[in-house]
Amino acid sequence: MDLREKMLSMFNTTSVKEKFAMNCQLLMSVSYAAMNNANVYLWAEKDLHVYVRMLKSWGLNVHKVVCILPKEFKKVDDVEIILPEELFADDTPRKFFFVAVTDYQVENPQAYWNKIMEAISPLATHFISPLDKVIMVFNNEKFDTDKMFYYQSRPKELMKLFDLLADYTSKLTLYHYVESFVTNCVYKGEQISTRWKYFFGGDYERLYKHLDGECWINCGANIGDTLFSYFSWNFKPKKIYAFEGEEKIFKILLGNLMLLPPDKRALVEPINEIIDETTDFEKILDGNKCTLLNADIEGAELSLLRAMKKIIQTDRPVMAICVYHYKEDLLTIPEYIQSICPDYVYYLRKYTSYYAHWKNTGEMVLYAVPKERAL
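Take 41 as the starting number for the sequence shown in the numbering used here and just add one per residue.
FYI, nobody ran anything at the bench for these hints, they're computed from the structure.
Some hints here could point you the wrong way.
[What the hints assert, rightly or not] When the alpha-carbon atoms are kept at most 30 Å apart in a straight line, the in silico DSS-like pairs for lysine-lysine are as follows:
hint : residue 1 : residue 2
1    : Lys115    : Lys86
2    : Lys411    : Lys323
3    : Lys228    : Lys276
Take the sequences, apply the hints, and build the full model.
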């Protein structure tokens, strides 16, 4: 089976590759539910497909999923999603609840969960945990974690991206990235040292022609790490615009810039600004032509590209854009670039993650290269 066929077949799987860890309290709860032939309810907002398949893998009868927020899908595999108000009209016997606790964005999490407990308790539910209240299943993914359903339900769009990518390494990287969500496993593909990020595919692999006199917009300059990396390769830029929106981080950036030799420091213009679609890059560039653009700005990458639409079309920079923050980024970012510059060449490379999230899916970078700078 070739890689394209493997990619297509992956969308049809409903199994998971990882064996889920189970502590003693969770083992008691699962065993209790199984002994009583319980109808298991999952109360959760994120990772629904992961949790349903996890519970099923332990032989439990997952009867319903309860969500406070409406979802774009009505079922998780074959399990119906209901709202809390529907739960009270549900007279199914032998209810047993597993509650998945994640990073709920509420002002008072304790009060929020107390309210849920008050609502569920009259339904003769059973909880076993260290506090005899609720099973807590934590997830450490940083942003949108409902990627399993999103990717599995979009084979056409993902295969379009697969065919758009310029080399086998990019296609294999895409395969392993999607696999990590669809089958709930760690990222199993090659990971390149972060030292090469934005400038090389790894081991000096050239993905685009490097220029002397580059005018680089560095979005998400952080403490200056990418700037120092750039200079360490002995590149010779004309100008670097270093954007960092976090004020505390920006102060560290300013301090680190003082470590650069004066001739290099003079090339860097640090900018403390949060980038969105209203950012006036033409004013910032002040007549300079942008030739290189990178972005790791916590999910605002598409807003950046929209703000720079005219500049991208006119200046045709090489772009190295992170596509891992939100589930849509992997599709919408290349789609948008292709819609405004149809003759770009695309590569996908995975770098080692800064943070040790168990899936290791961070630092996925899409390279969009104008044909005149393609290799």
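* **Hints violated by the structure (listed by number, smallest first)** => Violated: hint 3 alone.
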